[in-house]
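Taken in order, the sequence shown gives residues 2 to 411; the numbers are from my numbering.
Warning: the hint list may mix true and false statements.
Pairs of lysine to any residue residues, derived as SDA-like cross-links and limited to a Cα-Cα distance of at most 25 Å, are as follows [unchecked claim]:
#: 1; residue 1: K155; residue 2: V232
#: 2; residue 1: K182; residue 2: Y98
#: 3; residue 1: K133; residue 2: E53
#: 4; residue 1: K26; residue 2: E53
#: 5; residue 1: K394; residue 2: V205
#: 6; residue 1: K384; residue 2: V21
#: 7; residue 1: K55; residue 2: T69
#: 8; residue 1: K267; residue 2: S51
#: 9; residue 1: K255; residue 2: C282
#: 10; residue 1: K162; residue 2: N234
#: 11; residue 1: K394; residue 2: K405
#: 12; residue 1: K280; residue 2: Y220
#: 13; residue 1: K133; residue 2: Q96
#: 14; residue 1: K170; residue 2: G198
#: 15; residue 1: K405; residue 2: S201
#: 16; residue 1: K255; residue 2: D349
Pair by pair, the computed Cβ-Cβ distance ranges are [claimed, not checked]:
#: 17; residue 1: F87; residue 2: S219; range: 53 to 59 Å
#: 18; residue 1: P217; residue 2: E108; range: 45 to 51 Å
#: 19; residue 1: K105; residue 2: D290; range: 32 to 38 Å
#: 20; residue 1: R100; residue 2: S219; range: 37 to 43 Å
#: 21; residue 1: K89; residue 2: E259; range: 51 to 57 Å
#: 22; residue 1: E104; residue 2: R247; range: 45 to 51 Å
#: 23; residue 1: R81; residue 2: S219; range: 24 to 30 Å
Simulated from the structure, these hints should not be mistaken for lab results.
Glycine included, every Cβ here is placed at the ideal spot set by N, Cα and C.
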Amino acid sequence: MTHNYPMDILFITHTFPFPVNEGIKMSAYNLIRELSKKHTIVLASLIESSEEEKYVPELKKYCSRIITVIHTIPKLAIRRLKNLIFEKEPFSVLQFYSRELTEKISEVISGTKFDIAHLHFVNTSIYVRALKGLSVVYYPHDAMSLHFLRNAGKEKNLLKKFYLISQYKKMKRWENYVSSKTRKTAVVSAVDRDWLGKNSDIEVIPVGIDPEYFKPISYDEDYPSVIFRGVMNFFPNVDAVLYFYREIYPLVLKEFPELKFYIVGKNPSKEITSLSADKNCIVTGEVGDIREWMSRASVNICPMRTGTGIKYKILEAMALARPVVATQIACDGINETKDGENILIAADGSSEPQSFANKIIQLLKDRALAGRISAAGRDMVLKNYTWQLSAEKFERLYVSAIEKSGGTNT
Numbered sequence: 002m003t004h005n006y007p008m009d010i011l012f013i014t015h016t017f018p019f020p021v022n023e024g025i026k027m028s029a030y031n032l033i034r035e036l037s038k039k040h041t042i043v044l045a046s047l048i049e050s051s052e053e054e055k056y057v058p059e060l061k062k063y064c065s066r067i068i069t070v071i072h073t074i075p076k077l078a079i080r081r082l083k084n085l086i087f088e089k090e091p092f093s094v095l096q097f098y099s100r101e102l103t104e105k106i107s108e109v110i111s112g113t114k115f116d117i118a119h120l121h122f123v124n125t126s127i128y129v130r131a132l133k134g135l136s137v138v139y140y141p142h143d144a145m146s147l148h149f150l151r152n153a154g155k156e157k158n159l160l161k162k163f164y165l166i167s168q169y170k171k172m173k174r175w176e177n178y179v180s181s182k183t184r185k186t187a188v189v190s191a192v193d194r195d196w197l198g199k200n201s202d203i204e205v206i207p208v209g210i211d212p213e214y215f216k217p218i219s220y221d222e223d224y225p226s227v228i229f230r231g232v233m234n235f236f237p238n239v240d241a242v243l244y245f246y247r248e249i250y251p252l253v254l255k256e257f258p259e260l261k262f263y264i265v266g267k268n269p270s271k272e273i274t275s276l277s278a279d280k281n282c283i284v285t286g287e288v289g290d291i292r293e294w295m296s297r298a299s300v301n302i303c304p305m306r307t308g309t310g311i312k313y314k315i316l317e318a319m320a321l322a323r324p325v326v327a328t329q330i331a332c333d334g335i336n337e338t339k340d341g342e343n344i345l346i347a348a349d350g351s352s353e354p355q356s357f358a359n360k361i362i363q364l365l366k367d368r369a370l371a372g373r374i375s376a377a378g379r380d381m382v383l384k385n386y387t388w389q390l391s392a393e394k395f396e397r398l399y400v401s402a403i404e405k406s407g408g409t410n411t
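Work out the full structure: start from the sequences and follow the hints.
Shown next, in the form of structure tokens:
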């Protein structure tokens, strides 16, 4: 049963939820949109520059008030070194601390009686200290300590590995601290929940997909081709693309020498950009409508070896009724994936590159199989991964948090 009376929600984000051009923005925007149908929302968000103020009217459709604070994210190596030696909080949390936003949050709390405060993603968790007296729901999405540990396991540079292990330890302590200061915590998958504490009071609320936006679109297929999409300076995505290009792509080329490899997403790193020297590798950078690129490709791929949480790229491809090949770790957050039914999943271990290549070849050769996989994938998404379902689960979680506090925020 969903909550049937209006709640006043303070929704805090570290990045403005529009335009919807990356996963965290998509999650925040769609949850706000769905929740606003029944509840009143005040949004407090960091922005990188005054340029982003032009996007405020889009969120005003759903929010009674919007608070924005310009914040320059520290990225210098010397700042990371300071964190490594002197600070106990993870750098990815401290990067998004703003005294001005803290003051504005305190100000709005003093003048408004909120039923719930929603901390959206781990980067907002530093503001838990400004929310004393409120029922707080924390939605880090992923178990970020696991994210750092997995990244450290794949990092070959010893200095970077040392840094990642340090951040893993800081994040593990921080996750425990934040959970102790909030009423309820939710993550996107059972894998993340179990890492944080299998027997703990942590809910699993998956992200959703807009089935009307991500619906099958008729484009001429660029056959044979594969596509990887994502933010292309994000380590797990960079690692996945380089792994595919070096170890899997050559195996597929033996069967399909003309296979095109599309790498689509903003901020491609130098390592990714350098792949465009291969005439069959197309590195696009940011594109206008990701749906067209995903729909034109013969196969959408997700060769992740690290990272955590749910992979939007898989759910979006499935919603578009496009066939997907993925590694097991890429599917860990999506319990309903079934190899051979709604997706093809490569075998784990040393045989993974050949297995992944074979799955792509299978889909390129067997177009009937590709059609069946595609249809089943969209059906699975429609049944389990819509924003309406996610919002209803958050409503129940908010009620539980309020009840846990005794029904008051004093």
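Distance restraint between K162 and N234, which requires alpha-carbon spacing of 25 Å or less: 17 Å, holds
Distance restraint hint 45 to 51 Å, applied to the beta-carbon atoms of P217 and E108: Hint holds: Cβ distance 47 Å, inside 45 to 51 Å.
D290 and K105 - C-beta distance against the hinted 32 to 38 Å: 35 Å, holds
Proposed proximity, G198 with K170 (alpha carbon, max 25 Å): Holds, at roughly 16 Å.
Pairwise hint evaluation, T69 against K55, where the allowed Cα distance is 25 Å at most: It holds: about 12 Å lies between the C-alpha atoms, which stays within 25 Å.
Distance restraint between K133 and Q96, which requires alpha-carbon spacing of 25 Å or less: 22 Å, holds
25 Å Cα cutoff - pair K255, C282: 16 Å, holds
Distance restraint hint 45 to 51 Å, applied to the beta-carbon atoms of E104 and R247: 49 Å, holds
51 to 57 Å as the expected CB spacing between E259 and K89, which holds or is violated: Since the Cβ atoms of K89 and E259 sit about 54 Å apart, the hinted range of 51 to 57 Å holds.
Proposed proximity, K405 with K394 (alpha carbon, max 25 Å): 16 Å, holds
Distance restraint hint 37 to 43 Å, applied to the beta-carbon atoms of R100 and S219: Given a distance of about 52 Å, which is not inside 37 to 43 Å, the answer is violated.
Given pair status - D349, K255, alpha carbons within 25 Å: The given pair, whose Cα atoms are some 22 Å apart, holds under the 25 Å limit.
The earlier numbered hints that this structure contradicts are 3, 20, 23.
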